[in-house]
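Full structure from sequences and hints, please.
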Amino acid sequence: MKKRTNTHPHKQRRLGSKAGFAPGTVTYVGEERSFDVLADIMTWDDSALIEKHNVRIDDLKDDLPAGQTRWINVTGIHDTAAIEQLGRAFNLHGLVLEDIAHSTQRPKLDDYEDYLYVVVKMISYDESERQVCTEQLSIILRGNTILSFIEDTGDLFDGLRERIRKGNAKVRKSDADYLLYCLLDSIVDNYFVVLERIGDHLEETEIRLLNDAQTSDLSVLHALKRELIFLRKSIWPMREVVSSLSKSENLHLKGNTAIYLRDVYDHCVHAIDTLETFRDLSSGMMDVYLSSLSNKMNNVMKTLTIISTIFIPLTFIVGVYGMNFDIMPELHVYWAYPLVWSFMGSITIAMIIYFKRKGWF
Amino acid sequence: MKKRTNTHPHKQRRLGSKAGFAPGTVTYVGEERSFDVLADIMTWDDSALIEKHNVRIDDLKDDLPAGQTRWINVTGIHDTAAIEQLGRAFNLHGLVLEDIAHSTQRPKLDDYEDYLYVVVKMISYDESERQVCTEQLSIILRGNTILSFIEDTGDLFDGLRERIRKGNAKVRKSDADYLLYCLLDSIVDNYFVVLERIGDHLEETEIRLLNDAQTSDLSVLHALKRELIFLRKSIWPMREVVSSLSKSENLHLKGNTAIYLRDVYDHCVHAIDTLETFRDLSSGMMDVYLSSLSNKMNNVMKTLTIISTIFIPLTFIVGVYGMNFDIMPELHVYWAYPLVWSFMGSITIAMIIYFKRKGWF
Amino acid sequence: MKKRTNTHPHKQRRLGSKAGFAPGTVTYVGEERSFDVLADIMTWDDSALIEKHNVRIDDLKDDLPAGQTRWINVTGIHDTAAIEQLGRAFNLHGLVLEDIAHSTQRPKLDDYEDYLYVVVKMISYDESERQVCTEQLSIILRGNTILSFIEDTGDLFDGLRERIRKGNAKVRKSDADYLLYCLLDSIVDNYFVVLERIGDHLEETEIRLLNDAQTSDLSVLHALKRELIFLRKSIWPMREVVSSLSKSENLHLKGNTAIYLRDVYDHCVHAIDTLETFRDLSSGMMDVYLSSLSNKMNNVMKTLTIISTIFIPLTFIVGVYGMNFDIMPELHVYWAYPLVWSFMGSITIAMIIYFKRKGWF
Amino acid sequence: MKKRTNTHPHKQRRLGSKAGFAPGTVTYVGEERSFDVLADIMTWDDSALIEKHNVRIDDLKDDLPAGQTRWINVTGIHDTAAIEQLGRAFNLHGLVLEDIAHSTQRPKLDDYEDYLYVVVKMISYDESERQVCTEQLSIILRGNTILSFIEDTGDLFDGLRERIRKGNAKVRKSDADYLLYCLLDSIVDNYFVVLERIGDHLEETEIRLLNDAQTSDLSVLHALKRELIFLRKSIWPMREVVSSLSKSENLHLKGNTAIYLRDVYDHCVHAIDTLETFRDLSSGMMDVYLSSLSNKMNNVMKTLTIISTIFIPLTFIVGVYGMNFDIMPELHVYWAYPLVWSFMGSITIAMIIYFKRKGWF
Amino acid sequence: MKKRTNTHPHKQRRLGSKAGFAPGTVTYVGEERSFDVLADIMTWDDSALIEKHNVRIDDLKDDLPAGQTRWINVTGIHDTAAIEQLGRAFNLHGLVLEDIAHSTQRPKLDDYEDYLYVVVKMISYDESERQVCTEQLSIILRGNTILSFIEDTGDLFDGLRERIRKGNAKVRKSDADYLLYCLLDSIVDNYFVVLERIGDHLEETEIRLLNDAQTSDLSVLHALKRELIFLRKSIWPMREVVSSLSKSENLHLKGNTAIYLRDVYDHCVHAIDTLETFRDLSSGMMDVYLSSLSNKMNNVMKTLTIISTIFIPLTFIVGVYGMNFDIMPELHVYWAYPLVWSFMGSITIAMIIYFKRKGWF
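Chains as they are written, first to last, in our numbering: chain A, 29 to 389; chain L, 29 to 389; chain W, 29 to 389; chain E, 29 to 389; chain U, 29 to 389.
Note that these hints are calculated values from the structure, not bench results.
One or more of the hints may lead you astray.
The list treats identical chains as interchangeable, and a pair is accepted whether it falls inside one copy or across any two copies.
Derived pair list, reagent style DSSO-like, types lysine-lysine, alpha-carbon separation capped at 30 Å [claimed, not checked]:
id: 1; residue 1: K80; residue 2: K275
id: 2; residue 1: K194; residue 2: K261
id: 3; residue 1: K194; residue 2: K80
id: 4; residue 1: K275; residue 2: K261
id: 5; residue 1: K275; residue 2: K386
id: 6; residue 1: K89; residue 2: K384
id: 7; residue 1: K198; residue 2: K89
Note that the structure is a prediction, hence the values are computed from the model and not measured.
Right, here's the structure in full:
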């Protein structure tokens with residue numbers, strides 16, 4: 029998945045680059061890429077599994093024999109010609125093709141009667157940059173075929189593929205709607221991995237703030253809050269997608285897949301709960317940060333005040349006996365000098381006792 | 029589009045200037061303008077397109093032959109007589125005419141059975157003033173005719189006009205409801221252009237704040253927040269408009285235009301999500317600004333405290349030996365002067381070590 | 029309309045003065061008044077209009093001939109005997125009479141089958157006190173008669189009366205439900221007048237805050253926020269009133285009055301939008317105010333720190349050469365005095381450069 | 029009513045003391061009390077009223093003749109045996125008895141088909157402690173009998189009792205559901221008395237804050253906010269109670285009592301509006317308090333800075349001429365001393381002008 | 029119940045440890061444990077009760093005779109093999125088994141037609157760590173059998189077991205749905221125990237803050253807020269669980285258990301109310317804390333300012349007469365020295381009066 033670049037930390041991609049185009053124009057919006065757009069195909073029934081890798085888009089056809097399930101995973105959405113061709117082969121609506129190529133979609137579910145179109149966000153966490161990275165996944169469920177589109181190589185579905193390869197996995201015995209569930213389940217499970225990482229950083233930061241807040245913690249805290257804001261933008265709509273997928277009298281769902289989707293929905297809600305808890309915590313931590321700034325200022329001021337309050341009066345006293353008046357009787361008293369010293373000592377001790385009482389030390 | 033003037037940055041136009049008039053009185057509310065109100069007409073069917081420019085309002089008639097689609101775009105709403113005449117020609121309700129001439133409407137959708145009346149806001153961003161400019165667009169969908177009213181020359185629809193001129197565009201083969209969709213789509217797509225600009229400014233400001241907050245950043249940040257507040261006022265109601273347009277069992281919508289409107293609706297929701305994200309970010313940035321003010325104050329105070337804490341005691345010491353007592357034995361000691369210096373040096377070094385330990389340097 | 033008095037700026041009237049009375053007891057709650065409660069009556073049909081002024085309440089009867097419309101406007105609600113008599117004449121429920129006399133009602137709509145009872149708030153803005161003033165208006169729509177009750181002379185309906193006097197106005201040709209609409213429309217239109225005034229003050233205050241925040245701006249800002257809080261209390265329930273009036277399958281509404289009420293509803297929503305925008309703005313302005321306090325403090329501290337940091341070390345140096353040690357070789361060096369001056373000059377220049385670099389000037 | 033004790037200002041009673049008991053176990057939860065639990069009974073029909081005072085609970089029976097209405101008011105809920113006996117006499121569900129004896133219930137309405145069970149909070153304001161006191165009132169409406177349970181002597185219903193004693197009051201001619209309304213009406217009317225008192229304190233505090241905020245105002249303001257939080261907890265659920273009482277197709281309500289309950293509902297909403305307004309105001313006042321702290325600090329700092337900035341440079345100058353260099357030509361100049369004075373005078377005047385310009389005086 | 033460990037105060041367990049597994053894979057997620065998973069069984073009808081302790085999971089069968097009720101309480105969920113075996117014995121869905129073993133579920137209710145699956149959180153408060161501890165409880169209601177799973181020994185149900193052992197308790201005479209109610213009731217009752225403890229700490233902290241806020245109170249307050257955030261996450265979803273349990277046309281509920289569940293629902297709402305009240309209070313306390321920091325700073329600054337403002341001018345004066353000009357007439361005046369002293373005394377007194385007037389003492 030792609031990180032947001034450093035110089036543009038809070039903007040995922042150019043939002044406005046589609047303005048002025050006709051609706052249904054398939055235009056790639058996203059990072060520049062040049063690799064060939066290829067597909068991996070898995071076709072199976074109860075007894076057998078056929079895998080093909082790096083199939084050219086031209087060779088894809090909507091020719092699934094009855095009783096079989098097929099998963100076509102297309103890697104790369106930057107070749108709009110390929111996507112348009114695929115659209116013709118699978119008879120997809122122009123708006124669907126437009127949305128597939130537009131990598132800044134909001135997660136959503138569109139029901140086109142013949143097929144379902146689902147857009148979701150895969151999320152990962154870049155530990156070194158401490159940044160949330162997102163990648164768009166478009167899924168089309170059409171009869172017993174799943175078409176999925178990812179932006180770049182590397183996805184979250186290796187575990188799923190392994191399960192498909194095992195003959196006795198439930199996914200091998202189920203229809204494509206169960207595969208759709210498996211894809212969504214993998215994505216939502218991964219939300220918790222990301223949330224856990226962020227939770228760890230929040231915790232470290234919290235401990236540091238409570239012990240000894242540094243100026244630099246401000247930007248750490250701000251960055252954490254920002255990542256939470258962006259996560260929210262991806263996870264909240266996911267809940268709606270899963271909810272409307274499981275709730276609606278959905279003709280694309282067979283048998284008991286709805287029960288499984290209800291489970292994914294529960295996980296989404298759990299992820300959102302956790303996210304909101306983190307947001308609450310980070311707000312509380314900003315309060316802690318501001319309070320410790322005030323506390324630090326208080327300590328600086330106390331140091332200044334203690335020193336000034338002790339020495340300014342003493343300096344006045346020694347100034348008095350530095351005056352050059354002709355007639356200053358004290359100057360000629362024998363014990364005057366030691367007396368002045370002991371007077372100044374008493375003042376100092378009194379001051380220190382006073383500050384101790386006030387709890388300034 | 030018109031900017032809000034500098035002296036009235038947050039008030040778009042005189043809100044209250046209609047109070048006291050009878051309902052249905054067509055009164056222009058908006059900036060003063062004096063150009064002639066004229067219309068541009070595009071009429072087309074599958075095979076042909078006729079364009080007329082700068083048609084006088086008197087010459088407009090509701091005489092569209094069956095099988096054709098017509099778009100009448102009226103530029104200028106300040107000539108109330110012209111609007112009333114148009115109202116008679118197209119048999120529009122008095123309240124519609126009143127709303128067309130009142131340029132501070134809230135976006136809304138009114139269904140008058142014979143026709144639909146839609147008010148929306150076109151938004152642009154004035155880069156030099158860093159200000160959001162809005163312009164009201166009223167659209168009437170009546171049978172196969174679209175009547176649109178803009179306040180001033182210059183709109184967002186040049187791309188759409190080009191598409192109409194091409195014979196094979198979908199808009200040429202569809203009814204007027206699809207044209208309505210195209211207008212709304214252009215407007216919503218342009219929201220992202222504006223949001224992207226604001227996002228860029230937010231980002232610049234954020235980077236500056238985290239590095240070195242300046243007093244002037246306060247007004248920059250406040251201005252950004254204000255623009256977001258105003259954008260919100262235009263974009264939120266847009267969602268309702270598109271939603272009720274696509275959801276209702278709308279007799280004015282044919283075939284599959286509802287699918288397209290659902291797409292515009294998704295874009296609206298995306299725009300709102302982005303806007304709210306920006307609002308969250310700008311709130312976080314205000315926290316950062318306030319924290320850096322505190323940090324700066326802390327640094328100023330530390331400087332003062334370090335200097336005072338070092339020199340005030342030293343000044344006291346030299347004051348002591350400036351006293352004029354007759355009997356001050358130290359004064360006559362040979363090594364006294366260098367000893368005082370080395371004593372003061374030790375104090376200073378001790379102080380510096382103390383401050384280093386406290387991390388004040 | 030009555031202002032809230034100065035000593036009780038945020039309490040409109042005694043809220044609790046009804047506790048302990050039986051339900052349906054007509055008790056006046058409001059400012060003390062002693063003028064005679066009188067009514068103005070306008071009766072009309074298509075062809076003729078009869079106006080009577082200052083009619084005594086005893087003379088009012090529910091005797092409207094068919095085909096005519098009547099508006100009875102009662103000025104003063106402090107004479108509970110008169111209101112009870114009117115209640116008997118028009119067969120009104122005890123709770124309605126109680127509510128009419130109780131001038132701190134929340135805006136609401138009650139449907140008593142035979143008649144509708146509407147309570148709303150007229151709002152005006154007292155420019156000199158910068159205070160929002162409210163006055164309660166009770167309206168009863170019973171068949172083709174409108175009974176309206178205002179607290180004091182002076183209302184917002186002079187424009188409406190003028191329209192009634194013109195034979196060709198729509199209100200002359202419509203039933204009493206249209207008159208009810210006209211009353212509500214006048215009130216809601218006036219909200220914008222008040223909002224515009226408050227918007228102007230917000231703007232002035234904002235400009236002043238961004239340029240040079242004064243201590244006194246705190247109370248100005250607080251007062252603005254308070255007025256917005258009170259406005260909210262009047263305008264929000266108005267929306268509910270108009271909404272339930274236009275939405276319900278209301279047997280009291282004829283023909284197309286619902287279309288007009290939908291328009292008033294849109295205006296209410298617009299007013300609420302504007303109000304909430306103002307609230308957002310005023311919150312932002314409080315942030316600006318607090319930031320400029322911090323900025324001012326920063327500047328004060330910088331001044332102190334610059335002066336102290338420059339002069340405290342210098343004072344130490346001159347103190348050194350004021351000491352009276354017998355042996356201080358520097359004192360006898362020929363160029364010592366000018367050298368000390370130039371040394372102090374160098375320190376000062378170094379300090380100034382240091383502060384310049386830190387951007388403190 | 030009982031105040032919350034001083035040492036436990038924000039906890040009404042022991043919340044958790046029921047944990048571990050079987051459901052339906054009647055356990056008293058509340059302040060310790062030992063007086064005898066007795067009942068006052070009023071029985072009436074159109075023509076006659078019988079009052080019995082201090083009836084022992086053993087003597088209560090469910091034996092109301094047709095055509096009569098009875099109000100049994102039980103004072104004291106700490107004698108669980110008495111409550112269980114009453115439960116048997118009137119055939120009440122175990123959960124109802126449990127709830128009656130548990131004085132920290134949340135206001136609620138339970139419909140047990142045979143009877144209605146309503147729990148509400150009576151509220152009073154203890155002027156000396158500036159604290160809101162609550163007392164639980166349980167009401168059972170069963171046929172034409174009202175059973176009410178209060179915790180302690182002294183309630184809000186003296187006015188109601190007086191009305192019952194008058195033969196011509198509506199309550200004498202109505203069924204027990206109207207009496208239920210009268211009880212709720214008395215309670216809600218009293219909310220306004222309490223709100224008004226709090227409003228007065230808010231106002232006093234606001235005026236004081238805007239003139240001259242004191243440290244002690246912080247705890248006053250905090251206490252006001254806390255009382256508002258507790259009021260909220262009692263008043264918000266009351267709205268639900270009255271709403272579901274009036275809305276539901278309630279077989280316990282006869283004739284037009286629903287109209288009266290709608291009126292109580294409106295008052296509840298009004299009370300909630302007022303409460304939320306007070307909360308908004310008190311938040312605003314906290315901002316004002318914090319701002320005036322900052323303003324005070326600013327003034328302290330200005331004083332310090334003015335004095336230091338004027339005198340520190342002067343002290344340096346006089347220090348210069350206190351040095352003991354052999355060769356300091358100025359010392360021997362005739363006009364030197366007055367010149368130094370006038371130089372210092374000029375500096376001082378320049379400083380004062382500078383500070384005046386900055387607006388520090 | 030397990031506390032969150034000190035080093036990970038705000039993360040209950042590893043959230044993400046399930047990512048990559050197939051749906052329905054029973055994987056233990058929680059603290060490491062190694063004791064044997066055993067069950068306690070209580071079987072009863074009206075006349076008799078049989079208790080078996082520490083039954084091995086292999087020996088559990090779904091063989092309850094008609095007319096009896098059985099409660100199987102399984103202690104330990106870390107042995108996934110045991111849980112899978114139990115799943116086969118009672119014919120449970122794979123997702124249920126997965127959820128039972130996953131100890132960080134969000135409270136929820138799943139209806140699997142044959143049985144109900146409920147997940148809730150038991151909460152306790154660890155007084156020494158001042159931390160909320162949670163433990164997951166899974167309950168399966170299948171016909172007349174309750175299967176409950178707790179993570180560790182030690183639960184909240186000892187009181188309930190005692191009641192079952194008494195022959196005449198309602199739970200002995202009711203079906204398993206009433207036992208389900210009893211379990212939920214015990215858990216919700218215990219919420220109040222925890223809330224009360226937190227309320228006590230809030231109160232102590234509040235009193236301390238208002239008297240004399242210490243730096244350490246910040247972390248106390250922050251910890252309280254954090255515990256409230258975590259409590260919220262457990263209690264809010266509980267309301268939904270109980271609500272959907274009591275509301276739905278639930279075929280698993282017999283007779284009048286719904287009435288009892290309504291009571292639990294009321295308690296949930298009460299607990300949530302209390303929790304939100306505590307959150308409001310703790311927010312208010314953060315304001316108090318920040319204000320007292322400012323107040324303290326103000327006092328420190330006042331001390332510094334008073335001392336500096338009095339002594340800096342005096343030090344200047346004595347500096348003046350320490351100058352060594354040849355001609356300084358005052359030096360030779362006889363009363364000069366006492367006059368200077370009295371002049372300085374007057375200045376000091378004037379200053380003190382000035383500060384008194386300003387209320388700085």
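Going through the hints against the structure:
For a Cα distance limit of 30 Å, the shortest separation of K80 from K275 qualifies neither inside one copy, at 35 Å, nor across copies, at 43 Å. When the C-alpha separation of K194 and K261 is checked against a cutoff of 30 Å, the pair qualifies neither within a copy, at 36 Å, nor between copies, at 39 Å. Taking identical chains as interchangeable, the C-alpha atoms of K194 and K80 lie at most 30 Å apart only when both belong to the same chain, with a minimum of 16 Å there against 42 Å between chains. For a Cα distance limit of 30 Å, the shortest separation of K275 from K261 qualifies both inside one copy, at 22 Å, and across copies, at 25 Å.
Taking CA atoms no more than 30 Å apart as the test, K275 paired with K386 passes in neither setting, with 65 Å inside one copy and 60 Å between copies. Within a single copy, K89 and K384 get their C-alpha atoms no closer than 85 Å, and across copies no closer than 72 Å, so neither meets the 30 Å cut-off. Both within a single protomer and between protomers do K198 and K89 lie at most 30 Å apart by alpha-carbon distance, with minima of 26 Å and 27 Å respectively.
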